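Trainee: Residue numbers (our numbering): 1 to 291.
Quick caveat, the hints were computed from the structure, so don't treat them as lab data.
A portion of the hints provided could be inaccurate.
Simulated pairs of lysine-lysine, DSSO-like, Cα-Cα distance not exceeding 27 Å [claimed, not checked]:
| id | residue 1 | residue 2 |
| --- | --- | --- |
| 1 | Lys157 | Lys250 |
| 2 | Lys197 | Lys157 |
| 3 | Lys118 | Lys66 |
| 4 | Lys197 | Lys250 |
Given the structure is predicted, the values throughout are model-derived calculations rather than measurements.
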Amino acid sequence: MWLRLATIIVLLLIIVLAVAIQRSGGVKPFLQRLGYVELIYNGEEVPEGEMPWVVYLEIEDRTARKFCGGTLVDWNWVITAAHCIPDPGSPESVTAYIYHRSSPPIPIDRILVHEGFKGFDDNGDPVSFENDLALLRLDLWSEPEPRREALSRFAIKLLDPSEFNGLAGPGATAIIVGWGETEDGEISDRLLYATLKIMSNDDCNRPRVYDGRVSGGMICGAPSKRGESICRGDSGGPMTVGDPATNEQKLAGVISWRDSNCAKRDRPSVFTRIETTDHWVERTIAANSDR
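Model the full structure from these sequences, guided by the hints.
Mentor: Set out below in structure tokens:
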């Protein structure tokens with residue numbers, strides 16, 4: 001009798017589970033709702049019309065085509081990671097797509113890599129991720145003024161150094177965005193986002209974490225129990241924080257690097273801090289705004 005009752009209970013549980021999975025749209029969404037599947041490297045889809053400053057970049061390397069993220073910071077300027085750009089002297093190797101991967105391609109006419117970035121070793125890997133910043137000037141000179149004004153409205157403001165400790169200090173919430181690799185091991189065809197808590201560089205530099213590799217020009221995003229993190233293909237994309245005084249997002253960092261494979265939940269994501277006291281981004285744009 002007890003065996004028959006146990007069998008009935010198990011069958012009922014299987015039926016309930018099957019219905020729940022069907023209503024969730026499949027096994028993976030059902031597990032995500034329970035918190036058992038990494039939600040980013042993946043993340044949630046960005047609602048249409050939100051975050052219009054995000055840029056998709058295609059880069060033609062000598063051996064392959066790769067892609068990175070970027071951020072529109074002025075009507076014709078995009079910031080990305082320097083390690084995304086193998087040859088700064090070849091702006092024709094980079095194509096930008098604003099907001100959608102299927103939007104009209106925009107050529108680049110100038111690439112300016114931070115002078116403190118140390119370049120690549122013989123294997124094509126960055127010597128270091130220090131000063132991992134590059135500015136791309138979009139070739140939009142023939143665009144009419146209304147189009148330029150529209151792009152200026154899409155551009156995101158930079159977080160000023162004076163605002164950093166208050167808005168991007170340890171414990172603050174940051175948003176990361178990208179088309180990078182998801183937990184399926186595939187590149188996303190949708191723009192995805194997730195949130196991370198900023199952690200102190202001291203905690204990030206503990207021996208069991210990054211053991212001193214994180215400098216003052218970098219920001220760490222704490223790993224989460226749900227597995228949100230950056231992954232391959234997200235490099236160069238935005239890390240933003242909210243400004244409650246203006247109710248808007250501001251660009252605090254550029255997605256730079258992360259140790260080990262993306263599925264490991266104990267490794268922080270690392271970002272290059274956008275603005276330090278030397279205001280490199282603003283100075284570089286001002287000095288190169290003429291055609």
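Trainee: Which hints from the list above does the structure break, by number from lowest to highest?
Mentor: none
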